[in-house]
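Those protein sequence lines, which keep their order, are chains A and B. Quick note: the first sequence, position 168, residue 168 per the working numbering, numbers continuous. Quick note: the second sequence, position 77, residue 77 per the working numbering, numbers continuous.
Everything labelled a hint here was simulated from the structure, so no lab data went into it. Every residue, glycine too, gets a C-beta built ideally from N, C-alpha and C. Some hints could be false.
[To be verified] With a Cα cut of at most 25 Å, we get these calculated DSS-like pairs of lysine-lysine: (1) A:LYS49 to A:LYS66; (2) B:LYS180 to A:LYS160; (3) B:LYS30 to B:LYS90; (4) B:LYS124 to B:LYS160; (5) B:LYS76 to B:LYS28; (6) B:LYS200 to A:LYS160; (7) B:LYS160 to A:LYS173; (8) B:LYS160 to A:LYS197; (9) A:LYS197 to B:LYS76; (10) B:LYS90 to A:LYS160; (11) A:LYS124 to B:LYS200; (12) A:LYS176 to B:LYS30; (13) A:LYS160 to B:LYS28; (14) B:LYS160 to A:LYS180; (15) B:LYS49 to A:LYS173.
[Said to hold, decoys possible] Not close to chain A: a few residues of chain B, all C-beta gaps over 10 Å, as computed: (16) GLN118; (17) GLY119; (18) TYR121; (19) GLN127; (20) ARG193.
2 protein chains.
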Amino acid sequence: MVNIGVLISGGGTNLQALIDGVNSGTIKGKIRVVISNRKDAYGLERARKANIESIFIDPKGYSHEKYCNVLLEELKKRDVELVVLAGFLKILSREFVNEYKNRIINIHPSLIPSFSGQGYYGEKVHQAVLDYGVKYTGATVHFVDEGADTGPIILQEVVKVDNEDTVESLREKVLKVEHKILVEAVRLYCEGRLGLKGRKVIIDRE
Amino acid sequence: MVNIGVLISGGGTNLQALIDGVNSGTIKGKIRVVISNRKDAYGLERARKANIESIFIDPKGYSHEKYCNVLLEELKKRDVELVVLAGFLKILSREFVNEYKNRIINIHPSLIPSFSGQGYYGEKVHQAVLDYGVKYTGATVHFVDEGADTGPIILQEVVKVDNEDTVESLREKVLKVEHKILVEAVRLYCEGRLGLKGRKVIIDRE
Chain A
1 MVNIGVLISG
11 GGTNLQALID
21 GVNSGTIKGK
31 IRVVISNRKD
41 AYGLERARKA
51 NIESIFIDPK
61 GYSHEKYCNV
71 LLEELKKRDV
81 ELVVLAGFLK
91 ILSREFVNEY
101 KNRIINIHPS
111 LIPSFSGQGY
121 YGEKVHQAVL
131 DYGVKYTGAT
141 VHFVDEGADT
151 GPIILQEVVK
161 VDNEDTVESL
171 REKVLKVEHK
181 ILVEAVRLYC
191 EGRLGLKGRK
201 VIIDRE
Chain B
1 MVNIGVLISG
11 GGTNLQALID
21 GVNSGTIKGK
31 IRVVISNRKD
41 AYGLERARKA
51 NIESIFIDPK
61 GYSHEKYCNV
71 LLEELKKRDV
81 ELVVLAGFLK
91 ILSREFVNEY
101 KNRIINIHPS
111 LIPSFSGQGY
121 YGEKVHQAVL
131 DYGVKYTGAT
141 VHFVDEGADT
151 GPIILQEVVK
161 VDNEDTVESL
171 REKVLKVEHK
181 ILVEAVRLYC
191 EGRLGLKGRK
201 VIIDRE
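The shape of chain A in the complex, shown without the other chains:
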């Protein structure tokens, strides 16, 4: 059983998918703690309902580096082996990333490298997709490196963009796919099926 820590900033439907994945036995892991950088994040409530320890850690008064160190401390205290960013709207410090090298998983609501990197988060991604006029978008689960959305890709899945799509309808379609591939990626990680060859993720599907 892999000890999982989840970082969130918002509603946490991806967190809910993980909770369901653990409860159903799909994911051979245990969510030890959910940490939010926002007090009102509904994900904290979801964690509480699932009897998972949930903590709000206020970034106020901390430098960025220091805040990430506090997060690190809390995760290590609970023997967290895998960190999942489920809508966590903060870039992690280099030290944090090094400490959990290839053990931090992020979900991004586009087909990376399209519509990713600095400034592309939440609904801004879907707005950019609609403004550009691409015919396909999707979601990407990847390991986190020092860059913004630049780490090795674990899974991607494609979503068709229709003429009638709005930010809201696109968000919903992509979220469904996010839930699916995030749970799948964490499942594969917990079963030791993810290997790295350079920056390519090789999946052992046996």
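We have chain A already, so just place chain B on it with the hints.
Just chain B now, kept in the frame of chain A:
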């Protein structure tokens, strides 16, 4: 019947797809001329075999602007209404693009905006796709504007990247999709089914 001019630099399998599309009656148009900026482009031979006028215009001795003007002249002389870039490895001048505004179609071997723009052409695209480790790539047909691969997208189609894929295998898979969506885009154009709303291409499928 729309008068089509095709610009090429190489083997021209996309040109062949267009020739076949016209000959089968799928495309309600006529290829009036095929122009290459390389003397040894095999596409010139393909055109000859199909009894289409084919010309090599040597860029040597011309400035970029001037060369594009010569191309323009040759196309207009033949009443060309739609210009298709089928592996034409030259950026067109602003004047050329303005003259044929929203009447130039290009095919690119990736899911634009990923792996597109300056420096991404031919096999370099597939190499970059493999190096990055994305799980999906594809092809894009778009109208040409002043930028590199930045114009309004007409059609895209997705291709899965497998662990075993090489530049060569990816090239083949993507080429198949290129042929399909290029012919489809030209067909739609010739039937007057492509409309623009801002930079979004609206397809009238009736």
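Cross-check of the supplied hints:
Taking the CA atoms of LYS49 of chain A and LYS66 of chain A, the gap is about 30 Å. The hint is violated against a cut of 25 Å. Between LYS180 of chain B and LYS160 of chain A the alpha-carbon distance is near 18 Å, which keeps this suggested pair within the 25 Å criterion. For a cut-off of 25 Å, the pair hint linking LYS30 of chain B to LYS90 of chain B stands: about 24 Å separates their Cα positions. Between LYS124 of chain B and LYS160 of chain B the CA atoms are separated by roughly 18 Å; this keeps the pair inside 25 Å, and the hint holds.
Only pairs whose Cα atoms come within 25 Å are accepted, and LYS76 of chain B paired with LYS28 of chain B is accepted, the gap being roughly 20 Å. About 15 Å separates the Cα atoms of LYS200 of chain B and LYS160 of chain A, which keeps this hinted pair within 25 Å; it holds. Simply put, LYS160 of chain B and LYS173 of chain A have alpha-carbon atoms about 20 Å apart, close enough for the 25 Å limit, and the pair holds. For the hint pairing LYS160 of chain B with LYS197 of chain A, the CA-to-CA distance comes to about 19 Å; that is within 25 Å, so the pair holds.
Distance restraint check for LYS197 of chain A and LYS76 of chain B: the Cα-Cα separation of roughly 53 Å exceeds the 25 Å cut-off, and the hinted pair is therefore not satisfied. With a CA separation close to 31 Å, the supplied pair LYS90 of chain B and LYS160 of chain A exceeds the 25 Å bound. Proposed proximity of LYS124 of chain A and LYS200 of chain B is supported: the alpha carbons are some 18 Å apart, at most 25 Å. Distance restraint check for LYS176 of chain A and LYS30 of chain B: the Cα-Cα separation of roughly 45 Å exceeds the 25 Å cut-off, and the hinted pair is therefore not satisfied.
Annotation: proposed proximity of LYS160 of chain A to LYS28 of chain B is violated, straight-line Cα distance about 28 Å (limit 25 Å). At roughly 18 Å between alpha-carbon atoms, LYS160 of chain B and LYS180 of chain A fall within 25 Å of each other, so this suggested pair holds. Between LYS49 of chain B and LYS173 of chain A the alpha-carbon distance is near 48 Å, which puts this suggested pair outside the 25 Å criterion. Chain A leaves GLN118 of chain B outside its interface by the beta-carbon criterion, the shortest separation being 15 Å against a cut-off of 10 Å.
At roughly 14 Å from the closest C-beta of chain A, the C-beta of GLY119 of chain B stays outside 10 Å, upholding its exclusion from the interface. For TYR121 of chain B, the condition that its CB be more than 10 Å from all CB atoms of chain A holds, with the nearest at approximately 17 Å. Remark: the non-interface label on GLN127 of chain B is consistent with the geometry, its nearest Cβ contact in chain A lying 13 Å away (cut-off 10 Å). Even its closest Cβ contact with chain A, about 13 Å, leaves ARG193 of chain B beyond 10 Å, as expected for a residue assigned away from the interface.
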